[in-house]
Amino acid sequence: MHLTHEPIDAAALLARARSSDGGVCVFVGVVRDENEGRSTTGIEYEAYGSMAEAEIGRLLAALAQTWPQVRVEIVHRLGRLAIGDASVAVLATAPHRAEAFAACREAIDRLKTTVPIWKKEFYRDGSSDWVDPTRAARH
Amino acid sequence: MTVKVLYFASFREKTGRDEERRQVADGARVGDVWAALVREVPHFAAFLKMPPAAVNLEYAGPDRLLREGDELAFLPPVAGG
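Keeping their order, the protein sequence lines are chains A and B. Anchor point for the first sequence: position 58 equals 57 in numbering that gives the first Met the number 0, and the numbering is continuous, going up by one each time. Anchor point for the second sequence: position 7 equals 6 in numbering that gives the first Met the number 0, and the numbering is continuous, going up by one each time.
Only chain B is shown next, with the shape it has when bound in the complex (with noise of 0.2 Å):
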């Protein structure tokens, strides 16, 4: 199945990308596509664990489920205000 994945801020940069289209096995989790991410971009590498993330507008954690279609996000540390 196919996920959308966004990148923000400085995950953007670091990619040099804002969205992708990801196929990923059925029954995939948050954190299957994380690890994917660690073994594909150096900058994830680094990290000694998975930042927060979100599916489909809301935090998830890494058990979370995929579903086709799902929009997924890997958020930096956030700073508004």
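Chain A with its partners taken away, still in its complex shape (with noise of 0.2 Å):
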């Protein structure tokens, strides 16, 4: 529920804010056309679908915990996507926005680090490779 091959609508995920919301912040997650200096043509998604709607619902919980006020809804899309195609949203709405920025952030760091999802970049001069954050952050 959490994950979808389609393409991801933000609009129609700000739409589902409350009328007690006062802060609604949304992070849009979306291909570039570069990573680390390469040229790149887009992206595969590959998750491990079961236990990764099990860790995201994990995440919301601990979310739910820290600001209960907030709420939080994350969108991750997997397959094949394009130059500019939005991969992941996050929608944090809460009755003021400092609780709903600090959520949102929260919880697209926290997927980033726990959630089993892997993706390939597919370069500019046809090939390709999985994105290891591990050793980006050790250069």
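I should point out that these hints are in silico values taken from the structure, not numbers from a laboratory. A virtual CB, placed ideally from N, CA and C, is assigned to each residue, including glycine. One or more of the hints may lead you astray.
Said to hold, decoys possible - Below, simulated DSS-like cross-link-like pairs (lysine-lysine); rule was C-alpha separation at most 30 Å, straight line:
1) B:Lys13 / B:Lys48
2) A:Lys119 / B:Lys13
3) B:Lys48 / B:Lys3
4) B:Lys48 / A:Lys111
5) B:Lys13 / B:Lys3
6) A:Lys111 / B:Lys3
7) A:Lys119 / B:Lys48
8) B:Lys13 / A:Lys111
9) B:Lys3 / A:Lys119
Claimed, not checked - To give an idea of the interface, some chain B residues facing chain A are shown, with a C-beta separation under 7 Å as derived from the structure:
10) Met49
11) Pro50
12) Ala52
13) Ala53
14) Pro76
15) Val77
16) Gly80
Mind docking these for me? Both chains are given alone in their own frames, and the hints should help you get the complex.
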């Protein structure tokens, strides 16, 4: 339910804010045309689907503990994406902006380090490679 | 006993399989399965330590005891978002 092979509709996500929400924060991650100096043509996302759903559920539960007044929704797209396609969207709504910003930031940061999703980048020279953020962090 | 082992992304490509059933000794732990894979799979032989693992959809350390029918996965570095 948090993973989809269909294009992400950020506007539809925004429309789900409640009338009691004074702060609505949306983060959209988009496939860009380069990474670490290499020209890219697209990304293929793969997930351990059942675990990723469970892990996002645990992440949302943890956020609800920290910010009881914030409601967070996460959608992550899988499959082959082109430059400019949205790969992930996070919606955080709250009575006030501070918690909405904080929960939105925490949600995407934790998703990137704990949810079992992988991406293979395709480069303009025809090659491709799995992205390893732990390798980039060591540089 | 038998456990199901899953492979994703680079691990799937390096092992050439997405899942397998493995016979393991009663009382085997996650780390024991990893040690066996290090001996069998050239790609894993170069690893200095066990990658993150999951048992039945939750992260689990090397000391986690396995039970008949458990679903075990070793996970390449995650890169969602």
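Results of checking the hints against the structure:
With a CA separation close to 17 Å, the supplied pair Lys13 (chain B) and Lys48 (chain B) stays within the 30 Å bound. Pair hint Lys119 (chain A) plus Lys13 (chain B) holds up; C-alpha atoms about 14 Å apart against a cutoff of 30 Å. This hinted pair checks out: Lys48 (chain B) and Lys3 (chain B) have alpha carbons roughly 21 Å apart, not beyond 30 Å. Using a Cα cut-off of 30 Å, the hinted pair Lys48 (chain B) and Lys111 (chain A) holds, with the two alpha carbons roughly 21 Å apart.
The hinted pair formed by Lys13 (chain B) and Lys3 (chain B) meets the criterion: a straight-line CA distance of about 18 Å does not exceed 30 Å. Distance check on the hinted pair: Lys111 (chain A) and Lys3 (chain B) sit about 26 Å apart at the alpha-carbon level, within 30 Å; holds. Of the pairs offered as hints, the one joining Lys119 (chain A) and Lys48 (chain B) holds, with about 23 Å between alpha carbons and a cut-off of 30 Å not exceeded. A threshold of 30 Å between alpha carbons decides the hint, and for Lys13 (chain B) with Lys111 (chain A) the separation of about 23 Å falls inside it, so the pair holds.
With a C-alpha separation of about 25 Å, the suggested pair Lys3 (chain B) and Lys119 (chain A) falls inside the 30 Å cut-off, and the hint holds. Checking Met49 (chain B) against chain A by beta carbon gives a least distance of about 14 Å; that is not within 7 Å, so the hint is violated. About 10 Å separates the beta-carbon of Pro50 (chain B) from the nearest beta-carbon of chain A, more than 7 Å, and the hint is not met. Annotation: interface hint on Ala52 (chain B) violated; nearest CB of chain A at approximately 11 Å, more than 7 Å.
The closest approach between the C-beta of Ala53 (chain B) and any C-beta of chain A is roughly 6 Å, which is under the 7 Å cut-off, so the hint is satisfied. With a least beta-carbon distance of about 5 Å to chain A, the hint placing Pro76 (chain B) at the interface is held under the 7 Å criterion. Interface hint at Val77 (chain B): satisfied, since its Cβ lies 5 Å from the closest Cβ of chain A, which is below the 7 Å cut-off. The restraint placing Gly80 (chain B) at the interface with chain A holds, with a minimum CB-CB distance near 4 Å, inside the 7 Å limit.
When the structure is compared with the earlier hints, violations turn up for hints 10, 11 and 12 and for no others.
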